[in-house]
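A.B. asks: Sequence:
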Amino acid sequence: MNIAIIGLGEVGRCYVSALATIPGTTFQFCDTHLSQAGRELVASFDLSVHDQIGPWLADADWVLSCVFGAVALDVAGQCFEQMKLGARYADLTTASPADKRVAAVRAKAKGIGYADVAVMGAISLALSKTPLLCAGDAADDFAALIQRSGGNARVVEGGAAGDAISLKVLRSVFTKGMEALAVELLMAAEKQGVRAKLYGVLKDIDDSPLEDFINMLVRTHTIHARRRTHEVAEAQKELQGAGLTSLVLPGVEARFASTAAAIEAGPVGENPSLEDALQWLLRQAA
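Counting in our numbering, the sequence shown runs from 1 upward without gaps.
These aren't lab readings, by the way, just hints derived from the structure by calculation. All C-beta atoms, glycine included, are put in the ideal place defined by N, C-alpha and C. Each hint should be verified, as a subset may be incorrect.
Said to hold, decoys possible - Simulated DEER-style distance windows between Cβ atoms:
| no. | residue 1 | residue 2 | range |
| --- | --- | --- | --- |
| 1 | Leu202 | Glu234 | 12 to 22 Å |
| 2 | Ala122 | Asp212 | 53 to 63 Å |
| 3 | Val169 | Gly251 | 10 to 20 Å |
| 4 | Leu186 | Trp56 | 46 to 56 Å |
| 5 | Tyr199 | Val169 | 23 to 33 Å |
| 6 | Gly158 | Ala265 | 52 to 62 Å |
| 7 | Thr220 | Gln147 | 53 to 63 Å |
| 8 | Pro131 | Ala233 | 14 to 24 Å |
| 9 | Val105 | Ala196 | 53 to 63 Å |
| 10 | Val105 | Ser172 | 24 to 34 Å |
| 11 | Ala233 | Thr21 | 56 to 66 Å |
| 12 | Ser124 | Val169 | 15 to 25 Å |
| 13 | Pro131 | Thr245 | 14 to 24 Å |
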């Protein structure tokens with residue numbers, strides 16, 4: 001099995017090392033700005049490095065794109081022109097969901113399998129054990145390849161190209177938002193001397209399945225946004241009284257106020273389902 005790695009940055013180098021453990025694997029490399037670490041890796045395989053995509057790519061059974069997201073679609077198009085029928089392409093870049101969907105369509109037109117791969121953690125910490133999320137018509141094959149090398153990959157069930165990177169971005173919306181709130185929460189709790197007691201009053205949240213908790217928040221948001229807007233304003237005053245200015249809560253208050261105004265104009269109903277609440281919110285956003 002011949003594997004071409006496009007881009008020998010941290011991700012590319014990591015998976016060269018992992019895939020090299022599969023017997024019978026050979027490599028080809030392409031990079032226009034090779035780092036010292038990249039040069040050392042290439043030297044260990046006693047191979048030269050291509051500085052551009054070309055006919056040499058026709059020997060590859062797999063092509064792994066590990067370039068910057070901004071150039072990923074262009075690189076994919078160049079590769080598809082050189083790859084052989086039936087070869088497979090794994091896009092491990094941070095390209096947008098839209099770009100990955102376009103790339104998948106172009107790959108299919110050339111008879112090439114395509115896997116949208118989202119790196120769900122820090123390669124520098126977990127190396128090839130970093131979780132990978134895969135979608136697209138070659139997702140199962142790529143996940144199997146990574147698992148053979150001792151890596152950590154799973155497939156989005158029923159997922160199409162673009163879904164893996166979409167889920168990575170949506171996860172960041174949640175985790176980064178939670179991070180910002182956690183920073184302000186613990187700063188305020190520490191300032192008021194109640195940090196140790198705080199976890200006890202959050203215990204009911206800890207006991208709820210995450211999916212149920214998120215769904216409950218969204219569903220009840222469309223009923224109680226007005227009251228909660230006032231509660232957010234009071235929370236900001238509490239932080240200010242402790243000598244802290246929230247950078248997060250003004251945005252939260254704006255979100256609640258917007259929903260409250262929409263409820264005033266046309267309420268969703270007394271006890272909406274999650275589906276009813278989401279569709280109503282999407283109509284307001286439009």
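A.B. asks: Each hint: holds or not?
C.D. replies: Results of checking the hints against the structure:
1. Leu202 x Glu234: 12 to 22 Å: holds (18 Å)
2. Ala122 x Asp212: 53 to 63 Å: 29 Å Cβ-Cβ, so the 53 to 63 Å window is violated.
3. Val169 x Gly251: 10 to 20 Å: holds (18 Å)
4. Leu186 x Trp56: 46 to 56 Å: holds (54 Å)
5. Tyr199 x Val169: 23 to 33 Å: holds (30 Å)
6. Gly158 x Ala265: 52 to 62 Å: Because 37 Å falls outside the window, the suggested range is violated.
7. Thr220 x Gln147: 53 to 63 Å: violated (41 Å)
8. Pro131 x Ala233: 14 to 24 Å: Given a distance of about 39 Å, which is not inside 14 to 24 Å, the answer is violated.
9. Val105 x Ala196: 53 to 63 Å: holds (55 Å)
10. Val105 x Ser172: 24 to 34 Å: For Val105 and Ser172 the Cβ distance comes to about 26 Å; the hint holds.
11. Ala233 x Thr21: 56 to 66 Å: holds (58 Å)
12. Ser124 x Val169: 15 to 25 Å: Given a distance of about 20 Å, which is inside 15 to 25 Å, the answer is holds.
13. Pro131 x Thr245: 14 to 24 Å: violated (37 Å)
In summary, the structure is inconsistent with hints 2, 6, 7, 8 and 13 from the numbered list given earlier, while agreeing with the others.
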